[in-house]
Amino acid sequence: MSSHASDKFVYHEPGLQHQFEDMKQQEESVSIGMWMFLVQEIMFFGGLFTVYLVFRSKYPMAFAAGSNHLDAFWGGLNTLVLIVSSLTMALTVYYAQKGNRNMQVVLILLTMFFGAVFLGVKAIEYTSKYEDGLVPVAGLNKKVKENPNAEHGAAQAKPCYEMGHGAEHTYINPRGEFQWVDCSLVKVAEKGGFLTPEEKIGYYSNGDIDADKFRDKVRIFYWIYFVMTGLHALHMIVGIGLMTWLLWTAWKGTYSHDYFAPVEMSGLYWHFVDIVWIFLFPLLYLLGRHFLH
Amino acid sequence: MQNADAIITDSSGEPKVNYLTNGSTIKSWLLTKDHKRIAIMYLVSVSAFFLMGGLYAAAIRLELLTPASDLMESGTYNKAFTQHGVLMIFFFLIPAIPAILGNFLLPIMIGAKDLALPRINLLSLYFYWIGGGLTLYALLQGGVDTGWTFYTPYSTTFSNTFVMAVGLGIFINGFSSILTGLNFIVTVHTMRAPGMTWFRLPLFVWAQYATSLVMILGTPVIAITVLMLAIERAVHIGIFDPAIGGDPILFQHLFWFYSHPAVYIMILPGMGVISELVSNFSRKKIFGYEFIAFSSIAIAVFGFLVWGHHMFVSGQSIYAGLVFSFLTMVVAVPSAIKMFNWTATLYKGSILWNTPLLYAVGFLGLFLIGGLTGLFLGSIGLTVHLTDTYFVVAHFHYVMVGGQVIAYLGGLHYWWPKMTGKMYSEFWGKISAMLVFVGFNLTFFPQFILGYQGMPRRYASYPEELQVLNIFSTAGASVLGVGLMMPVVYLVHSLFFGKPAGDNPWMLPGLEWRTSSPPPTENFETMPVVTWEAYEFGEENGLDTEEARRREAVSTVS
Amino acid sequence: MQTNSWVPLFPDQASSFAWQVDYLYFYLIIVSVAFTIPIVVAVFVFGIKYREKEKFATPEEMHGSILLETTWSIIPFVISMTIFLGGAIVYYNQYRLPDDGMEVYVVGKQWMWKLQHETGQREINELHVPVNRKVKLTMTTEDVLHDFSIPAFRTKADVVPGRYTYLWFEATKPGKYHLYCAEYCGLNHSGMGGYVYVMEQSDFDNWLSGNVSGQTPVEQGRDLFENKLGCASCHAGGPAQRGAKLEGIFNKEVKLVGGNTVIANEAYIRESILNPGGQIVEGFQPIMPTFKGQVTEEQIVSLVAYIKSLSGVQTGTTSAPPAANTNAAQPARASNANSAEQ
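Protein chains in written order, with the numbering used here: chain A, 1 to 293; chain B, 1 to 558; chain C, 1 to 342.
Since the hints were made in silico from the structure, they are not lab data. Heads up, some of the hints might be wrong.
Restricting the straight-line Cα-Cα distance to at most 30 Å, the calculated cross-link-like pairs of lysine-lysine (BS3-like) are [to be verified]: (1) A/LYS24 <-> B/LYS499; (2) B/LYS33 <-> A/LYS252; (3) B/LYS499 <-> C/LYS53; (4) C/LYS252 <-> A/LYS187; (5) B/LYS27 <-> B/LYS16; (6) C/LYS292 <-> C/LYS228; (7) C/LYS55 <-> B/LYS422; (8) C/LYS114 <-> C/LYS136; (9) A/LYS187 <-> C/LYS255; (10) C/LYS292 <-> A/LYS58; (11) C/LYS109 <-> C/LYS292.
So the derived label-pair ranges between C-beta atoms look like this [to be verified]: (12) B/VAL17 <-> A/LEU80: 25 to 35 Å; (13) C/TYR195 <-> B/LEU495: 55 to 65 Å; (14) C/GLN201 <-> B/TYR319: 51 to 61 Å.
For every residue, glycine included, the Cβ atom is placed at its ideal position computed from N, Cα and C.
In isolation and in its complexed conformation, chain A is listed as follows:
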């Protein structure tokens, strides 16, 4: 604080910081700052979306195959959960403006609850990827020493084994590597004649579909899936941290008609994270689903 401010009449509004003249200026600053931060976030995710676009246009069938193996039920549930959490967040801001402490606390708790549900579902999904050998980093998958339901010693994965959606994997994976054996979509595309030039090079060798080469392309999809949803989940965790702090301050009754900027800003952040998911869900889970039928 300035040592020269003493000659001025200084009155204390709750939460007014020293560099501002009044609450209006502070709110405006914080709000512009938050929007700028979100612009920055958009560019940050934008780099990843660019990579997604480039590779999806190169290897659409690998992306469709990878996408079809994601569970759209969990993804859809999470979308729903996040949309509802956006509602509770928006209501939190509304009640903060009204200065209704109890409703704030309840709604923040609800928002946190939905955020936690989202992360829980994400954890379920990641676990299933772990068990199916779909984490794109060698060694981070479940190590399957012996195949439990092996029929007469066919323990090794067959190249391009065709299986129904959700079927049990029948391979062993002693080193926990990325595994992918289903190439049925390449055959679909080959029949339909819509393989891209990169795919014609990228999936085949010996004139046959090469399971290893196709796996590498699916692995790119799963890399993008994990990086994008992982970064998104990280943002959710930060969001829940923010909510915890909001809960504490709201409990103390900090927010009122005159001072609710922190609630509003956390709300902006929360909505932004939701919106990123609104883009991630169709791009990762839904595009290419029509090949399932």
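Using the hints, position chains B and C against chain A.
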């Protein structure tokens, strides 16, 4: 004028508490929210990085004294130029003017008590330290040899050096830059003093604003790109490796989408400083204020559309090449507009030839050459021959060193009395400004000729017939080195033995000259009210020139 | 040869488009000087004439001028457009590959250039070419990015893994010129270079005959095709063959399974050898095995050259009047090869 008194009163009487004397514990520095203290900490850290980058530069020039790679093995040389590039670009050029001069002066120039988000400002300094620390750690461990451009697949698959650590260092440091930009945008929007309208803003502030836009929009892209590079190195999924289906050129696109606008992060603030110097030291309102202000914004916007001109020979299609070449030509126009306006400002002025103006004039000459050679490189037919040669090296040093470093030094001299309250030796200042100018030209002009000869960049050894020009260059570098070291000596000397500068040593109208030197923690005793346009000199704007002249006379006698 | 002046200012002008690049360069220098001199003169004249005469004087205020601003926006714009156009024309001339060039195949690797002529000579870090003949380079790399740069010819191009890039020039002056790698490629980047020797046609013929170490690429390709790799067992061209007939397909449109068409150029042939299942010609089964890992880039280059020769594409020859020498040389080689057939 209500604050006119504040300008000229003190300089006698007991010393007032200013931002430097307001607390002296280490904690009072490390946990400060004062933009001025943060700027000073940036100044010290950035100067350290500049020194390190300079040592690498010296090593490079010494190695190139002879055609064979005798001083260093080529592996060592590769690390030297990579680390020179990484340190200078990410840890000196990008933060130099925004984080030091911008941080210190932007709030004062618009009449604010501080930046809008002081804690974010401190956080950005910490990010800088963490990122810089990681990078230094990597350098101590053995360094990195990929070139500052980190082209794949060399950086992801073939290099055996500390690419990941440096990549993460740059990633973290990127957030320092983003947060500074964010803070400036908010501050300019909301913290202007009463009467400080957009078109009364000093042009330095406009330039910082344009720079901040680029920082916000560009830096996240490089952050995610180097992050992908680091992940790619760790787990090798192959997104940049053609052997597994990836695309090495995709990396170049992502990299240059940031790194070309980053060039404007490095030069726009310098242009802002020059606008200040030219106008203030010819004591005349800058010619074409709006044109200079909007050309900054135009450069920031067009800067995002020209990244492909770094990839003319990387196999991109002729159409892409022509479009990028065309847009590159367009982006040259706003820079030309600035150049003409600066020159016109000098006309019928009252020009004070002191150290800052010497630097400004040096900037005009060097940036002119740097900008014009940019046209050579933007012209696609010519750049097939010139790209990846010393012509490019010379060009970007003319823009980066001749532009940004010279502007930074000019700005540092200009605001030094305000930052420290002490006046440096004008004599040594002028000597060093001239040495830097001469040394710089000696170093880099021969490199244009080397480049047209075809000498490729990043070569530890080169054909013998090119030695003569390389000797010129190395000789020039030694002069440049001396010129750059001198300010360290006399500026530090002035801290202890310099004359008190007074609040407004040159009777200038900017808000920063209407508070004490060094300024108090909250910058102004009372909230300033701005009733004058930018760069309006004369008594009616609260500048008591008569009184100043009288005092000047007294001080020269005594 | 390099100029022997004490300070060399310009490299040799040794290719057909070097003068265009140089003229553009001179034009830009003139433009630069035309901008620099007035500005520098103005700065110094103003600086001296209007230097501070009275401490803290307040000179007369001046307002901007829209007319001036417009002028000095439009003039640089117009000039920059002339530069753009000049550059575009020069670039177009360099970009368009000749149809009748002598072909040289280039493979970059850390840290050497491996080159092969269509007549079979292999060179490392050296390239011998005849004067006044168009030479077309087809280039790729085994590892990282490189860049094939010949300053005396004012041309260069990046070499990208997994792709072919092209470069052409027509040398106009006999001599020895530097060849560089201009894209940073690791440890010994500065050692990755050598010389281009431009020779009179007769000297070049001598060099060729003195240097014919083995087979031409076409011969090598035929050998690989018929014996070593056994391609002929499917692709010999009979009616009931399992593989597509290759005579006359080069640079023709080929119909693929699925209805697409593709031009059978170098890249397609290379891909078909490495990834045969990718683009299958209509009427054939995807049964061809891949040769990835079994053939080197250089062998692929030879195979491509052979397949081109099946289409009668006579891409350059060993001496000046292309037609004459080719006709003399090709049948002889062909008969040799025929006799070696199973």
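Each hint tested on the structure:
no. : hint                              : result
1   : A/LYS24 <-> B/LYS499              : 43 Å, violated
2   : B/LYS33 <-> A/LYS252              : 26 Å, holds
3   : B/LYS499 <-> C/LYS53              : 24 Å, holds
4   : C/LYS252 <-> A/LYS187             : 28 Å, holds
5   : B/LYS27 <-> B/LYS16               : 22 Å, holds
6   : C/LYS292 <-> C/LYS228             : 15 Å, holds
7   : C/LYS55 <-> B/LYS422              : 21 Å, holds
8   : C/LYS114 <-> C/LYS136             : 15 Å, holds
9   : A/LYS187 <-> C/LYS255             : 19 Å, holds
10  : C/LYS292 <-> A/LYS58              : 21 Å, holds
11  : C/LYS109 <-> C/LYS292             : 18 Å, holds
12  : B/VAL17 <-> A/LEU80: 25 to 35 Å   : 59 Å, violated
13  : C/TYR195 <-> B/LEU495: 55 to 65 Å : 57 Å, holds
14  : C/GLN201 <-> B/TYR319: 51 to 61 Å : 37 Å, violated
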